[in-house]
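**Student:** Everything in the sequence shown is counted per this note's numbering, starting at 25 for the first residue and increasing by one.
Just so you know, the hints here were simulated from the structure itself, not pulled from any lab data. Quick caveat: nothing in here was measured; it's all calculated off a predicted structure. Each residue gets a CB set at the ideal place from its N, CA and C atoms; glycine is no exception. Don't take each hint at face value.
[To be verified] Derived Cβ-Cβ restraints for the label pairs, each shown as a range:
id: 1; residue 1: ARG128; residue 2: ASN73; range: 17 to 23 Å
id: 2; residue 1: LYS74; residue 2: LYS98; range: 32 to 38 Å
id: 3; residue 1: ALA124; residue 2: VAL44; range: 29 to 35 Å
id: 4; residue 1: ASP97; residue 2: LYS46; range: 14 to 20 Å
[Claimed, not checked] List of simulated lysine-lysine pairs, BS3-like, C-alpha gap at most 25 Å:
id: 5; residue 1: LYS103; residue 2: LYS74
id: 6; residue 1: LYS120; residue 2: LYS103
id: 7; residue 1: LYS83; residue 2: LYS70
id: 8; residue 1: LYS133; residue 2: LYS83
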Amino acid sequence: MNVLNNPLNRSHYNVSFDEVEKFIRWTNKRNYQLDWRIFAYFCLFKNQNKNILGIETLKDLFVFSASQWTYFDKSNKNKIIIYSNLLFGFKFIAIKSESASQPRKLYIKESKMDVLEFHDKEKEIAFF
């Protein structure tokens, strides 16, 4: 509950124990990994259950997913770009810091998908 409620605090939405339990069952049924993707999967879960979150809340959750990727991902890729049908026309970008003393960079950009980005080996692309 705390993991999900952390990024949801800004939107004043609180996840109940029952909702978390349903969400965990939903993810297990689909074999979804509950790592940095937990926030994006929660958006999909809410949408599939006709409990659509507001645009700002969706943005916060996708930014949080992108941000968490910078901690979880140990590959040589330095940037993630997340796209979602729930927020068509937006991309959520996180760039790893080069050292522990430097901050990560997080962006939300309004744009269409750039096909050229899919060929860059330094980027992780995620669709939700």
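**Student:** Output the indices of the hints that this structure fails to meet, ascending.
**Tutor:** When the structure is compared with the hints, numbers 1, 4 and 5 turn out to be violated.
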